[in-house]
Amino acid sequence: MTRKFFFFSEMGYNAYPDDILERYGFTALLLPNSLFDREKASQLWRMFLREHEYASEMGFDGSVCNEHHNNILSMQESVNISAAVVSQHVKGTIALIGNPLPIHDNPVRVAEEIAMLDLISGGRIISGFVRGTGIEQLSTNANPAYNRERFEEAFALIKKTWTQPGPFRWEGKHYHLRVVNPWQLPLQKPHPPIWAAGILSPETIRWAAKERITYLVLGSALDATAQCREIYHEVARQDGWMPASEHLGYLIHTCVLDTDEEAFEMGRHHYGGASVIGRSGGVAASALTAGTGSAGVTGGPHPEWMAPPGYMSKQAKTGAMARERRASEGSYEEAVRAGLIVTGSPKTIIQKFKHIIDRTDPGYLTFWAREGKKPHQATMRGIELLGKEVIPALREHQSALVTGKEVTPWPQ
Amino acid sequence: MNDVTPQLIEAAGITVELRRAGQGAPLLVIHGEFGVPGWLEAFARLAEHHDVIVPSLPGYGQSTRPDWIMSVHDLAAWVTWFARDLDLQRPVNVIGSSLGGWVAAEIATVAPQFFNKLVLVGAMGLKPEKGEIFDYFLDSGLAGLRRAFHRPDQSAAFMRYWGRKWAPELADVVEQHREMTCRIAWKPYMHSLTLRHLLPGVRTPTLVVWGGNDAITPLNSGEIYARAIPGASLATIADCGHMPEMEKPTDFVERVRDFLQA
Chain A
1 MTRKFFFFSE MGYNAYPDDI LERYGFTALL LPNSLFDREK ASQLWRMFLR EHEYASEMGF
61 DGSVCNEHHN NILSMQESVN ISAAVVSQHV KGTIALIGNP LPIHDNPVRV AEEIAMLDLI
121 SGGRIISGFV RGTGIEQLST NANPAYNRER FEEAFALIKK TWTQPGPFRW EGKHYHLRVV
181 NPWQLPLQKP HPPIWAAGIL SPETIRWAAK ERITYLVLGS ALDATAQCRE IYHEVARQDG
241 WMPASEHLGY LIHTCVLDTD EEAFEMGRHH YGGASVIGRS GGVAASALTA GTGSAGVTGG
301 PHPEWMAPPG YMSKQAKTGA MARERRASEG SYEEAVRAGL IVTGSPKTII QKFKHIIDRT
361 DPGYLTFWAR EGKKPHQATM RGIELLGKEV IPALREHQSA LVTGKEVTPW PQ
Chain B
413 MNDVTPQLIE AAGITVELRR AGQGAPLLVI HGEFGVPGWL EAFARLAEHH DVIVPSLPGY
473 GQSTRPDWIM SVHDLAAWVT WFARDLDLQR PVNVIGSSLG GWVAAEIATV APQFFNKLVL
533 VGAMGLKPEK GEIFDYFLDS GLAGLRRAFH RPDQSAAFMR YWGRKWAPEL ADVVEQHREM
593 TCRIAWKPYM HSLTLRHLLP GVRTPTLVVW GGNDAITPLN SGEIYARAIP GASLATIADC
653 GHMPEMEKPT DFVERVRDFL QA
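Chains as they are written, first to last, in this note's numbering: chain A, 1 to 412; chain B, 413 to 674.
Honestly, the hints are just simulated from the structure, not real lab data. Every residue gets a Cβ at the ideal spot worked out from N, C-alpha and C, and that includes glycine. The hints are all genuine.
Derived DSS-like pairs: lysine-lysine, alpha-carbon spacing no greater than 30 Å straight-line:
(1) Lys173/A x Lys599/B
(2) Lys599/B x Lys314/A
(3) Lys159/A x Lys599/B
Across the chosen pairs, the derived CB separations fall in these ranges:
(4) Ala627/B x Lys314/A: 24 to 34 Å
(5) Gly624/B x Arg46/A: 54 to 64 Å
(6) Met571/B x Gly330/A: 29 to 39 Å
(7) Gln566/B x Ala226/A: 47 to 57 Å
(8) Ala555/B x His376/A: 35 to 45 Å
(9) Gly543/B x Glu211/A: 40 to 50 Å
(10) Glu77/A x Gly543/B: 25 to 35 Å
(11) Ser313/A x Lys577/B: 17 to 27 Å
Incomplete in silico selection of chain A near chain B, CB under 7 Å:
(12) Asn141
(13) Asn143
(14) Ala145
(15) Glu304
(16) Pro308
(17) Pro309
(18) Gly310
Make the full structure from the sequences, and use the hints.
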């Protein structure tokens, strides 16, 4: 498969006050929605859609949508609605990072909506499934202790819905349906490609490898992502098959501008932005620390929300990949050094991404190229440079994992 | 205070961690959401006149966790099985604390022959008319524990079991208990929609004990229990949080003894 290059934006609400963290201590779940400015949000939607459209015009192979709840990180409370709208603004693939399956009481509804999306978009959908963050379990009242069981059962049910003729009955542990027989089925046969996405949860990586579906690494540092690939390949080896590039996706914070200096400075939005303080950075890091249980766990911005009881295994909280992740999140400079955020001029960033491709060979490379309060103009320039210069240069590049050649060095 | 070493026994389909000591009629203790941190002072005092039996419920302490236990109702049924396997002389006196109080109340509604006398302590299980049950799952294990005591730093039990810097093993146990509680009491959170309607049918003499400063389960829940169960009385203990058996063991044991001897 030829490597695909996608554009991603959480489409997060960014009209929050700059001192939001100092004032409230957190940016999700209990953050009062009286802070929400409806007019501003409506404008943001138009801006976000224009950015997707522009990425498509500049030559990206597709756009990626996502879902979060009760969180300024993302204004996409329904990934299926986002995807439906974005599909009318871009020409290529529409990949859904994920429908958070455990929060749904009727997974067949998800299967129906994805079928609709695939039919409406002319078969351009990649259907990702996720467990949802800890916050989503709390905000939708989905029992975190059964999160993984529900995820796996819902997945099995959806897959059966797409691969076996209805009607059939489903009497499982968490889902019970008298009649499964949705009228609409996806255009792609038997179903759209499936992703499972995660933030370095070893169980999910192993599960994805067992299911032989793509594992999408969400915004994680390079070393940890290379380890994900190792785990996936190890499981596949044991099962007697060889994964291809398309079995790994990599979503990575990217800030490209005309010069290295400009890009580095602008890249701070990817660190201080909503995603870091609201989800993937500060809070998660504290949650992981809390998991080890020192008596001082109540410090920090409500770490429990990211890891409610039973949601995360001890291994996922304290394992080697989690430790690496924490280490890489200490400061913006650390995050850049670890490859959690990739910045640079086109020339620099091309070399960085060649290095990344050499070490991980992702079939889907998704640039997380809009974040937080990064200005629209800078985002558009970044999209332009990615589309016109970076992606064309990377299309030709074969991974050293495939060619056996030397790994492209990281630029100094 | 002498500690009582827990034994692991096979009962009611699982391996059960059991602490048991004392002489006299059996007194079964059904613990709350924090599990059994050790042989409490209250247990030791009660053991002077009773055979005090304190199992760790499935999924708590070293008791194994069967996947089929997904509700407090399941747990209540399990407790009755456990008592049969232990050959307890029935009817038995029972203390149920917090989550364990809810378990005990469920049993009382369906198996009145099981209990002689029932003590409910800061019991979960009912939706209060005033206030809300504190949501442990929106905060850390330590925050919940501290809130369960009126003055944690002045409580010998709190300081003994949770007051020092936590070793990883202790943090794991706290998290294990939170997870098990989550499995059975997530939604509706810590209460049943049917229990209240069944309480008027209870025929077991019942004492409801509540900490006057309970910041976990509103005192109003205790009032509802006392009102709904025929003949029940409510005793509040001053300067005390959610767990009188730990924070005010002397007052607590006095109330319980008086009630059981009456």
